[in-house]
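K.L.:
Take a look at the letters that make up each chain.
Protein chains: 2
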Amino acid sequence: MLGRVRTAVAQLVGGLGPAPGAQHPRDSPAPPPAAPGPSACRGPPVGGGFSRPAFLQLTSEELQRADDHAGRAVQSPRESRRRLPWSTGYAEVINAGKSQHNEDQACCEVVVVDRRCSPRCNPDLYFHYWGLFDGHAGSGAAVMASKLLHLHICDQLRDLVDILQDSSPPPLCLPGILPSDALPRFHLEKAVSHESLVIGAIENAFKRMDEQIEREQMTRLVAGGCCALAVVYLLGKVYVANAGDSRAIIIRNGEIIPMSREFTPETERQRLQFLGFLRPELLGNEFTHLEFPRRIQHKELGKKMLYRDQNMHGWAYKRIEEDDLKFPLIYGEGKKARVMATIGVTRGLGDHDLKVYNSNIHIKPFLSCVPEVRVYDLTQYEHCPDDVLVLGTDGLWDVTNDREVADVVTEVLMGYEPNDPCRYTMAAYELVVRSRGVLKERGWRLANDKLGSGDDISVFVIPLGGPGNYT
Amino acid sequence: MLGRVRTAVAQLVGGLGPAPGAQHPRDSPAPPPAAPGPSACRGPPVGGGFSRPAFLQLTSEELQRADDHAGRAVQSPRESRRRLPWSTGYAEVINAGKSQHNEDQACCEVVVVDRRCSPRCNPDLYFHYWGLFDGHAGSGAAVMASKLLHLHICDQLRDLVDILQDSSPPPLCLPGILPSDALPRFHLEKAVSHESLVIGAIENAFKRMDEQIEREQMTRLVAGGCCALAVVYLLGKVYVANAGDSRAIIIRNGEIIPMSREFTPETERQRLQFLGFLRPELLGNEFTHLEFPRRIQHKELGKKMLYRDQNMHGWAYKRIEEDDLKFPLIYGEGKKARVMATIGVTRGLGDHDLKVYNSNIHIKPFLSCVPEVRVYDLTQYEHCPDDVLVLGTDGLWDVTNDREVADVVTEVLMGYEPNDPCRYTMAAYELVVRSRGVLKERGWRLANDKLGSGDDISVFVIPLGGPGNYT
Numbered sequence: 001m002l003g004r005v006r007t008a009v010a011q012l013v014g015g016l017g018p019a020p021g022a023q024h025p026r027d028s029p030a031p032p033p034a035a036p037g038p039s040a041c042r043g044p045p046v047g048g049g050f051s052r053p054a055f056l057q058l059t060s061e062e063l064q065r066a067d068d069h070a071g072r073a074v075q076s077p078r079e080s081r082r083r084l085p086w087s088t089g090y091a092e093v094i095n096a097g098k099s100q101h102n103e104d105q106a107c108c109e110v111v112v113v114d115r116r117c118s119p120r121c122n123p124d125l126y127f128h129y130w131g132l133f134d135g136h137a138g139s140g141a142a143v144m145a146s147k148l149l150h151l152h153i154c155d156q157l158r159d160l161v162d163i164l165q166d167s168s169p170p171p172l173c174l175p176g177i178l179p180s181d182a183l184p185r186f187h188l189e190k191a192v193s194h195e196s197l198v199i200g201a202i203e204n205a206f207k208r209m210d211e212q213i214e215r216e217q218m219t220r221l222v223a224g225g226c227c228a229l230a231v232v233y234l235l236g237k238v239y240v241a242n243a244g245d246s247r248a249i250i251i252r253n254g255e256i257i258p259m260s261r262e263f264t265p266e267t268e269r270q271r272l273q274f275l276g277f278l279r280p281e282l283l284g285n286e287f288t289h290l291e292f293p294r295r296i297q298h299k300e301l302g303k304k305m306l307y308r309d310q311n312m313h314g315w316a317y318k319r320i321e322e323d324d325l326k327f328p329l330i331y332g333e334g335k336k337a338r339v340m341a342t343i344g345v346t347r348g349l350g351d352h353d354l355k356v357y358n359s360n361i362h363i364k365p366f367l368s369c370v371p372e373v374r375v376y377d378l379t380q381y382e383h384c385p386d387d388v389l390v391l392g393t394d395g396l397w398d399v400t401n402d403r404e405v406a407d408v409v410t411e412v413l414m415g416y417e418p419n420d421p422c423r424y425t426m427a428a429y430e431l432v433v434r435s436r437g438v439l440k441e442r443g444w445r446l447a448n449d450k451l452g453s454g455d456d457i458s459v460f461v462i463p464l465g466g467p468g469n470y471t
Numbered sequence: 001m002l003g004r005v006r007t008a009v010a011q012l013v014g015g016l017g018p019a020p021g022a023q024h025p026r027d028s029p030a031p032p033p034a035a036p037g038p039s040a041c042r043g044p045p046v047g048g049g050f051s052r053p054a055f056l057q058l059t060s061e062e063l064q065r066a067d068d069h070a071g072r073a074v075q076s077p078r079e080s081r082r083r084l085p086w087s088t089g090y091a092e093v094i095n096a097g098k099s100q101h102n103e104d105q106a107c108c109e110v111v112v113v114d115r116r117c118s119p120r121c122n123p124d125l126y127f128h129y130w131g132l133f134d135g136h137a138g139s140g141a142a143v144m145a146s147k148l149l150h151l152h153i154c155d156q157l158r159d160l161v162d163i164l165q166d167s168s169p170p171p172l173c174l175p176g177i178l179p180s181d182a183l184p185r186f187h188l189e190k191a192v193s194h195e196s197l198v199i200g201a202i203e204n205a206f207k208r209m210d211e212q213i214e215r216e217q218m219t220r221l222v223a224g225g226c227c228a229l230a231v232v233y234l235l236g237k238v239y240v241a242n243a244g245d246s247r248a249i250i251i252r253n254g255e256i257i258p259m260s261r262e263f264t265p266e267t268e269r270q271r272l273q274f275l276g277f278l279r280p281e282l283l284g285n286e287f288t289h290l291e292f293p294r295r296i297q298h299k300e301l302g303k304k305m306l307y308r309d310q311n312m313h314g315w316a317y318k319r320i321e322e323d324d325l326k327f328p329l330i331y332g333e334g335k336k337a338r339v340m341a342t343i344g345v346t347r348g349l350g351d352h353d354l355k356v357y358n359s360n361i362h363i364k365p366f367l368s369c370v371p372e373v374r375v376y377d378l379t380q381y382e383h384c385p386d387d388v389l390v391l392g393t394d395g396l397w398d399v400t401n402d403r404e405v406a407d408v409v410t411e412v413l414m415g416y417e418p419n420d421p422c423r424y425t426m427a428a429y430e431l432v433v434r435s436r437g438v439l440k441e442r443g444w445r446l447a448n449d450k451l452g453s454g455d456d457i458s459v460f461v462i463p464l465g466g467p468g469n470y471t
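Chains as they are written, first to last, in full-length UniProt numbering: chain A, 1 to 471; chain B, 1 to 471.
Source of the hints: derived by calculation from the structure; they are not laboratory data. A virtual CB, placed ideally from N, CA and C, is assigned to each residue, including glycine. There's no promise every hint is true.
Unchecked claim - Here are a few chain B residues that sit away from chain A, every Cβ distance over 10 Å (derived from the structure):
1) Ala201
2) Leu278
3) Arg308
4) Asp407
5) Ala447
Claimed, not checked - Okay, the calculated bits of chain A under chain B, using three or more residues with CB under 8 Å as the criterion:
6) 167-173
7) 208-216
8) 255-263
9) 272-285
10) 299-305
As the list claims (entries may be wrong) - Below, computed lysine to any residue pairings styled on SDA-like, alpha-carbon distance capped at 25 Å:
11) B:Lys190 with A:Gln165
12) B:Lys336 with B:Pro258
13) B:Lys440 with B:Met426
14) B:Lys355 with B:Leu283
15) B:Lys364 with A:Ser167
16) B:Lys304 with A:Leu174
17) A:Lys207 with A:Lys355
18) B:Lys304 with A:Leu301
19) B:Lys303 with A:Ala337
20) A:Lys190 with B:Gln310
21) A:Lys190 with B:Lys326
22) B:Lys303 with A:Arg208
23) B:Lys303 with A:Gln165
24) B:Lys336 with B:Pro418
25) A:Lys190 with B:Met426
26) A:Lys355 with A:Phe50
27) B:Lys318 with A:Phe50
28) B:Lys304 with A:Lys355
29) A:Lys318 with B:His194
30) B:Lys318 with B:Leu282
31) B:Lys299 with A:Leu301
32) B:Lys318 with A:Ser167
33) A:Lys304 with B:Glu211
34) B:Lys450 with B:Gly344
35) B:Lys364 with B:Tyr331
36) A:Lys326 with A:Leu301
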């Protein structure tokens, strides 16, 4: 599988057309009933360089329109074209000029997991997958992740095809378990759940994806990094994996259930400070791991200033020493908080080449590519057609809070029949339009005349009726 | 102040009597109306070596009875003696033989904070204080912390006496604030709340306490370490600081509000693994920072075993290498989980000399002395006489869960008039009796015939009516 992923990357980055081998692997089971079109596990939909998500099926004319910073036309899957799994709704819009292209990317697939080598004793395993990737400093990492992350997840699950479908606890050791009398000294055994195997598979898939971007960044031009928000639906459970500042919420019967949290210099302050404290060489003699509420002036040496150390939640005064005059590792508040004055998100993929401006200090050691994975058991609740999972990049959440998003979704869905499959795309469309706003003399403005989001905005609205209910 | 603390320690550890200077500092304001007896800030109630909490005022005969592992008589403040602030209830019992002495300690004081040097422009500041200290590997650290931690908190608050009583935001820099036009480049200023200054003061007090124990351990015999749970009531707010596996809950109108969480190898797994990963030399070539669900046998080399790395929540399979045969840094489950096969709590004071058995590997780098501080605003809610804050060492919580504790408290309090000050001690007494159980042929047994706690048990029941309400 990794070989196939590598082939796909070569084509993707080099801009070559798809190879037959990548499209038709040796072992391609029939897709599950609800899975439309070809299963993604047979090879990524490769294409040349930058584009918009394949599922939008944009013509070159539409693509040009999608890339227009002035018009900022909202893009959605056309009603007449292939429908997304579960009738998922999607919409996106380009930024107001902050970067040449829309650096968000998205993916929506049904992926069949082919066994690695074990004998077939269970049905094939497949998962539904949605991914949002918010790129920065270039679109390369986001494009690559949007085409490949689900294949890495697939690869990590290949050892687990039979284990996950077996009701007994996972074996601690492969192959097989030693008979218990062979383990007289080791009576202490930890039970590991099936769920935690899937979480581990997703976590490791993010790591492998990040390593692959690193390899590509060394040899080819894969620019920048990206936040990644990925959703896997597998065997009745929804796994929401987040690395960055995108966000996922479930709206169930009008109630909001947060399914992710954001990873920023503020929320990860202590992890970053702890690393800077243990490995001061990573701070390059330019930064201090201590936090101060503002920059310190040289003439303030010897006075007492408020500070926070890596193991503190509160603040205290300390006497200012020479070392405290260095720039703080974490500085700024809210959306302006930065790691080493450079980056405002602390988890994601890529950024291997990112350095502090005009220096040789690498940022990557402070960034984590590991997502936090939250699990939602779809079988534990009877879902109605208005219950949805909303995924959005920060372009959405910067100007529209959870409650407002829930209200817009509910309002739009009420305007359509429960079995109308286009209602979820209409909800996504409305969320993007309302967060972008309308172009006025003083820029893009929301209905309340506040500034609309000038960022790229991408939104999935996923109905929770489950596979087959709203296909 | 630190000088005074040092003098007090010398007397405490050396077993000398109190020095006049320690009892009557130069600057002793009148105690606040609700504060009974001498303010603790005037010097600790020092005494020779091991004893029981001073507020129990035990006679030597009673002390002997309290130390009897066979009878396990429950100790409480006598009705006829000095009442604790707020009519706080307290009870304790010795263990069933696991250590020579009761290694729990407790403290309850009203502490006046004397200014460091600033001119007096506000009333004096004082705080109410309750502390529980659960010692291990000796009683030295717990005894020391019970006599001194509140003085360190007092010391950390001395700079803040006027700042905390001023309604304007705390100055970022002392002395005074530079005029804003002197700071043209530094317009970015973080607002810091009064509350976070108190949290910072408590956090740093724990650090200073730990450093002091370290100094004493180098020169005198101060054995072991201790978990510390400290409560500070200051200017309308209750600060609950926890470092270890003791627990605090508020029972309000029958509802349970958790006010702490436990710090154990399981709850702090990732912090510990991260440290072991970044500083492998701390593992002494004996331990691996990876977690495995059981020990690996040499003959399993090359097979695949479930594991968790420092940045994973889930589990995955990895091929077993030579390095994986080392003992896991974190091993065991629940109460049996241990750091480097040695200790079952990961925060607390002391333990500077603790090493892995039969090795030169120090445990202390993996332990944190910094508490988590939670804040409860007493003024935000009208409290009735049955609303209480319960503090207990793990001897209580190991056999009695939050709900059972709340039910016992409610049941006991209902049996007394709301203004009967002894009702809180009766509740504490009942909690200890029920968690200890009754001595039967097969050891100490609870009402349901399960094993009672053989550990030391100590409990505070603190009414939340506030100072003056239930004096």
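K.L.:
Are at least 3 residues of the segment 208-216 of chain A within less than 8 Å of chain B when you compare beta carbons?
P.N.:
The restraint on the segment 208-216 of chain A is violated, since only 0 of its residues have a Cβ under 8 Å from chain B and three are required.
K.L.:
Next pair to validate is Lys207 of chain A with Lys355 of chain A; report whether the Cα-Cα distance is within 25 Å.
P.N.:
The given pair, whose Cα atoms are some 21 Å apart, holds under the 25 Å limit.
K.L.:
With the threshold set at 25 Å, check whether the alpha-carbon distance from Lys303 of chain B to Gln165 of chain A stays at or below it.
P.N.:
With a Cα-Cα distance of about 22 Å, the restraint between Lys303 of chain B and Gln165 of chain A holds, given a limit of 25 Å.
K.L.:
When you look at the beta carbon of Asp407 of chain B, is every beta carbon of chain A farther off than 10 Å?
P.N.:
Answer for Asp407 of chain B: holds, closest chain A Cβ roughly 29 Å.
K.L.:
Given the hint that Lys450 of chain B pairs with Gly344 of chain B, test it: the Cα-Cα distance must not exceed 25 Å.
P.N.:
Status holds; Cα separation ~23 Å.
K.L.:
Would you say the segment 167-173 of chain A counts as covered by chain B, given the rule of at least 3 residues with C-beta under 8 Å?
P.N.:
With 3 residues in contact (Cβ-Cβ under 8 Å with chain B), the coverage given for the segment 167-173 of chain A holds.
K.L.:
Does Lys303 of chain B pair with Arg208 of chain A here, judged by a C-alpha cut-off of 25 Å?
P.N.:
21 Å, holds
K.L.:
Closest CB-CB distance from Arg308 of chain B to chain A, is it above 10 Å?
P.N.:
7 Å, violated
K.L.:
Within a Cα-Cα threshold of 25 Å, do Lys318 of chain A and His194 of chain B meet the stated pairing?
P.N.:
At roughly 16 Å apart (the allowed maximum being 25 Å), His194 of chain B and Lys318 of chain A satisfy the hint.
K.L.:
Can you confirm whether the C-alpha distance between Lys336 of chain B and Pro258 of chain B stays at or below 25 Å?
P.N.:
Given pair Lys336 of chain B, Pro258 of chain B holds - Cα atoms ~23 Å apart, limit 25 Å.
K.L.:
Would the hint linking Lys304 of chain B and Lys355 of chain A be met if the CA-CA limit is 25 Å?
P.N.:
Violated, because 38 Å separates the two Cα atoms, which is more than 25 Å.
K.L.:
Need the status of pair Lys318 of chain B, Ser167 of chain A: alpha-carbon distance at most 25 Å?
P.N.:
22 Å, holds
Checked against the numbered hints listed earlier, the structure breaks hints 1, 2, 3, 7, 8, 11, 15, 18, 19, 24, 25, 27, 28, 31; every other hint is satisfied.
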